[in-house]
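Assemble the whole structure, with the sequences as input and the hints as a guide.
Each chain, written out:
Protein chains: 4
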Amino acid sequence: MRIVLAYSGGLDTSVILKLMQEKLGAEVITVTVDVGQKDDFEKIEEKAYKFGAVKHYYIDAKEEFAENYVCKAIKANALYENAYPLSTALARPLIVEKLVEVAKKEGAGIIAHGCTGKGNDQVRFNLGIKALMPEAEILQPVAEWNLTRDWEMEYAKKHGIPVSDKIYSIDENIWGRSIEGGVLEDPSIEPPEEVFEWTVSIEKAPDKPEYVTIGFENGVPVSLNGEKMKLLELILKLNEIAGKHGVGRIDHIEDRSVGIKSREVYEAPAAVTLIKAHQDLEKLTLTKWVIEFKSIVDSKWSWLVYNGLWYEPLRLALEGFIDEAEKAVNGEVTVKLWKGNAIVVGRKSDNALYDVKMATYEKFSTFDQKLAKGFIELFGMQSVLAYNMLHGVHSTSNISEIKEAIKTLE
Amino acid sequence: MRIVLAYSGGLDTSVILKLMQEKLGAEVITVTVDVGQKDDFEKIEEKAYKFGAVKHYYIDAKEEFAENYVCKAIKANALYENAYPLSTALARPLIVEKLVEVAKKEGAGIIAHGCTGKGNDQVRFNLGIKALMPEAEILQPVAEWNLTRDWEMEYAKKHGIPVSDKIYSIDENIWGRSIEGGVLEDPSIEPPEEVFEWTVSIEKAPDKPEYVTIGFENGVPVSLNGEKMKLLELILKLNEIAGKHGVGRIDHIEDRSVGIKSREVYEAPAAVTLIKAHQDLEKLTLTKWVIEFKSIVDSKWSWLVYNGLWYEPLRLALEGFIDEAEKAVNGEVTVKLWKGNAIVVGRKSDNALYDVKMATYEKFSTFDQKLAKGFIELFGMQSVLAYNMLHGVHSTSNISEIKEAIKTLE
Amino acid sequence: MRIVLAYSGGLDTSVILKLMQEKLGAEVITVTVDVGQKDDFEKIEEKAYKFGAVKHYYIDAKEEFAENYVCKAIKANALYENAYPLSTALARPLIVEKLVEVAKKEGAGIIAHGCTGKGNDQVRFNLGIKALMPEAEILQPVAEWNLTRDWEMEYAKKHGIPVSDKIYSIDENIWGRSIEGGVLEDPSIEPPEEVFEWTVSIEKAPDKPEYVTIGFENGVPVSLNGEKMKLLELILKLNEIAGKHGVGRIDHIEDRSVGIKSREVYEAPAAVTLIKAHQDLEKLTLTKWVIEFKSIVDSKWSWLVYNGLWYEPLRLALEGFIDEAEKAVNGEVTVKLWKGNAIVVGRKSDNALYDVKMATYEKFSTFDQKLAKGFIELFGMQSVLAYNMLHGVHSTSNISEIKEAIKTLE
Amino acid sequence: MRIVLAYSGGLDTSVILKLMQEKLGAEVITVTVDVGQKDDFEKIEEKAYKFGAVKHYYIDAKEEFAENYVCKAIKANALYENAYPLSTALARPLIVEKLVEVAKKEGAGIIAHGCTGKGNDQVRFNLGIKALMPEAEILQPVAEWNLTRDWEMEYAKKHGIPVSDKIYSIDENIWGRSIEGGVLEDPSIEPPEEVFEWTVSIEKAPDKPEYVTIGFENGVPVSLNGEKMKLLELILKLNEIAGKHGVGRIDHIEDRSVGIKSREVYEAPAAVTLIKAHQDLEKLTLTKWVIEFKSIVDSKWSWLVYNGLWYEPLRLALEGFIDEAEKAVNGEVTVKLWKGNAIVVGRKSDNALYDVKMATYEKFSTFDQKLAKGFIELFGMQSVLAYNMLHGVHSTSNISEIKEAIKTLE
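Residue numbers (our numbering), protein chains in the order written: chain A, 48 to 457; chain D, 48 to 457; chain Y, 48 to 457; chain U, 48 to 457.
Treat the hints loosely; a few may be bogus.
It does not matter which identical chain is used: a pair holds within one copy or between any two.
DSSO-like mimics (lysine-lysine), calculated; alpha carbons at most 30 Å apart, straight line [to be verified]: (1) K347 with K374; (2) K383 with K251; (3) K85 with K119; (4) K395 with K213; (5) K395 with K165; (6) K383 with K213.
Treat the hints as calculated values from the structure; they're not laboratory data.
This is how it looks when you write it as structure tokens:
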């Protein structure tokens, strides 16, 4: 029996690694996918072999993550419940893809992961595996074997698995960092400063603002301060710059896939900055009809990805919409990073429906007036009529005194 | 011929006041509605009589504005295009109501206002008047008589109407301040510090944060830092406090009713703070189903009000929804005001779907695991199936090796 | 141990009734709620006692069903996936309410029902019970004890429970009849004539049409052919009349709550006729803004009720919208019933936004022309601009040859 | 001065043709685009020259209309306000395209058409011309010169233009026929039989039904009764077959672009049949998530096309969604045409999410039961909690009597 295990090097997956050998007599192949978490991957590999892995894979998927996953999220202004940039949610399908690749290559019929039965990640892992490799068995030991933290701690000690005493549960990738547990579970209490690593406090942020200019092509960031660069590089740089100014902290009440509400805290300096800039550029370059409809498309996209429905055909259809719409989203946006704020202070674009409009605006100024009259009349006709009827008021004056008066003026 | 004129005391309406007497021989009754603009109303009255008004009305509608208009906007999280709290838009129907009251009382058949033919306010004024008093004639001299700024200036000089040299066009009420014109028309340029009056710059904001706690009942703010107060008072206080911390500046590209895109700059310290707090409390107290649907209801409400469709029956229907939903929105939210940021750092409520959930969460922890399994399976069934079919992969294994193995473990 | 059982008198619930006594030693109280199914309720009572019920309740809830459930469905134009009038789905929460009433009165801590684990009704029963009586245990023997049809048949024979040989599984109430099973499970095969009881085939329908006129007040049917009557009576009559003309057969692919697609066949003569009439009257009396938004509200309402979320706060909020909107839905609609067709051929209303419009239409005819010009210009401005920009075409002609020419004509 | 005129050969456009020569001294080039209207095109050409056209174009665009316009409408299930298949609305942008082609080829700077200022077509013509040829002047003589019917009649008589005495105003193309005017303007009166030409009355329809089977590929009809054919041919045949059975009459209240409600009557046998079949096949082949969202996309598409916003970027974005979604819409649908009814009685597809489901359904039958339990619990968790809290009921029983009892049974 061969099992592929998504291995982070932490307590849960180390215990599982050991346990699956012990209880199932399985050969376990460990896989660590690098999506930008700040880990020591050599140490993780060491651990994997130490705890009995027959083979270990380290897969650097950072660039793939930026190009094929984060890129789509930016175009979709992806903020689940208007707040969470989906960092963890976005990385899960990529990790699943890698696990399945290894499982197929290694002839393993079982894929295991360390998710509990209470969170969102089990939904993302399990549905991803079912989609990509329906013939695989999914093994979710924490849930299926009802492993409790206490039991795990004891088991770990027995088997020489190092047990950290950290209070918070962290997940990280280039698109953001999520912090759970401890005092954060009480939504009435302000998150203590110690939970943050990527962002400084407003107090410690520089007194002077810093301006960054982001260039977009087809809705995708392609340059920073005039310098062309790959999305991965741009995100890494922006995480640093914006984080230094305290930008990107998020604290809100979130509805998990499984129906539970929970208080969630994130840091996502690049994500917050880029999505603000992107949304602003859309307002300049997209028609009001596209903006209005795209906001529905965008939230549905976020909802699907958050809830593990990455492989649902609806995602591709939504992207069919988004890719077409984004063709006009070209230009540059300047963001001022200052004391926790990311403020868009300037934007320009060859596709601006604004600049051109300004030109024609002047041209219109002589006859625009009559245009508006007709517009208002027809635009509001039904509403006015309905209100009048409901309140029993009716227009009676066909011949108005003013018309005559105005004529004399003309 | 009697005309009721919405009179601000500024250049446009002073010119119109004079002009309507001169050209139409009209008796003009001026009306100034106080919705919180920081004007000298005695001086305005003086001016009105000086330029020939036969009668002047000053109407203090601040409390009515807070209770019947702003209140609804808070419950609807009203932000047009996710940015503009509708300050001016909200006040227009109230002003119209007052104009109509005066027109009826004074037997005037004509209502005049100073809007141009290019903006949003003409839509709001004209549709409001048509709804409330369809028998009235609407006179919009700037548009109908094609008055240009230059012509107005000259006319003003001739008639002793004072001409200010201010660059920006301002509209103010308790819910916000809008600034237009001058360099702001170029969306690529950062708004100069001089345009702001209600908010200090981040630089000048205090180094220490200030916490405010807002209490809500049925979605409406009812207390500040534990002290019960009327909405009007609460807003006025919060404008001051939040403004002092540089909170509430808005700068975005906006789609006007008439189809033009324009760059708009606002200050709205209380509005920004209260809507953030309100949205956060909704996440704690409303089910995910209500939150998701209400976001559609909310944006439609904002769209209607922005576009002058206050009297459209749809607004009342949307409020039917909102009022029912808001019954659960009770509790307190703590906001940290600091260097331009308004950060929600704590929330509590007897209606929290979170706290109770935490309790039951624990209870569930023993059997939740199987619940999630069934949930994931059925929740993702169609998506997985569709993906498998499309990619020609099919689940084949009915009898799995793992099931047997697991049994031995149990 | 006392159990309240939802008892239909059929095989499943009779087996359960017996089994719960035998296996659990329970005292079982049977409840049959009459929502218009064409059953012999005395016989059902006899059976209940025969198979060991300690007490039997027959509850006539037909009028309550019409007034408090069907009434809301009509106002919401309730058609799940544009097809199914929700007959069964609507009745479930009412039945649950009655079960809970009995359970509380009789001091029973357990409520049992005969649903399988594959359908929609288990969702509706279980969520309803959890909402109304969370302290109650829910017993769903077919699912929990894995009862198969074969096992049930054998058990029934052993215990003298009559076993019918009917192929189809039927559920009926005043709002419709659903037919499942047998050949209907193959969606490529036309439903055989034998499955229908409430509607004649088109062949056997009368050669001559029949006109019915339905009067509505606030969106609710209140009269038939000019005669005022209660909704229950109106529905019963209309089921007969429309059914006689072959109106009301439905055959479509439906997405069940649990994720399965299934082919469903229904008969609902009154429902189909009334909803058509109601929708038509809405088009006459509601503004286009309300119609457009209400269609979203309506489908969400249907979705909630279909999926057993009757007690979800969102339903009440949607009804807040609907009740407000329906205030204008007054008038009469004439429907022609003929050979399977229900065709709206006439409608009138004092609230018509049409008749009044016709009047003003004439008035407008002299100057409407310029109104439309301005409307079109502003309505289409952004779209035209965006298209021009994208295709590199720009308007260049400011002074047109035609303008001069036209002037000479004027 | 050269003018290109959209010429139908009817009274309006013949009068305009003459008038533009007379009043403007213009050279007029007439263009008749054949989109399937049942006209004598040779006679129209004769007339054009007789009334002074310097050149006449007859352009057969039927196939282009089917392939590039109707095709998209089918994929979008296009029914404006759930009723109107957009026949006229769809043809307008194609006609505009042809007019612009001719104008450019012939060096004409003006494009003229015969629309009044009250209807929808002016919006479609004018916005189309502005998009495709912004440098062109648009001449809309009926509106701009305020031509009344009486004046036109007199003018026609004077200039030998034949005046018909038909009561109804007709517009026709392969996708449908619209009938306006006369008694139809009273929405309370049933349309008289004489207005229909493409469909027989139910009375005269055959006593026996006729089955047609329509094959779809990527959402587009490609075969009729097993025979592959081009969409144009398929539509023409189906218009005949379905029309013969009285299928395709539409009568509803419609909201025009300009805000007026009007009663509209259409015949569209192929459109009604194909859209029904297409929608049914979608239910079989698309996931519930896609179906739900696509219904929003579809109505927005119809809304845009109805309102003349064919060139709005949003249309292309919506089609990006639709084209992706429709990849799964392959298969065959059988429709029974009978006495005015078009009833889908069978459907099959290799992409069916139903047939496969049936297979797996069986597989699930042993453990599905527990899956549903978990699903229901989590699916309804928040709703139940919210209801309980609101009504002050709380679950208290942690240890239930039944659990013990059930255990003894297992």
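Do the hints match the structure? See the list:
Proximity of K347 and K374 under a CA criterion of 30 Å is satisfied in both settings, with 20 Å inside one chain copy and 20 Å between copies. In this homomeric assembly, K383 and K251 come within 30 Å of each other (Cα to Cα) both inside a single copy, at 17 Å, and across copies, at 16 Å. Taking the closest pair of Cα atoms, K85 and K119 come within 30 Å of each other only inside a single copy of the chain (23 Å); across copies the shortest separation is 47 Å, beyond that limit. In the homo-oligomer, the alpha carbons of K395 and K213 lie at most 30 Å apart only across protomers (27 Å), although the nearest pairing inside one protomer, at 46 Å, exceeds that limit.
Only between protomers do K395 and K165 lie at most 30 Å apart by alpha-carbon distance; the minimum there is 23 Å, versus 46 Å within a single protomer. Only between protomers do K383 and K213 lie at most 30 Å apart by alpha-carbon distance; the minimum there is 28 Å, versus 35 Å within a single protomer.
Violated hints for the displayed structure: none, as all numbered hints are satisfied.
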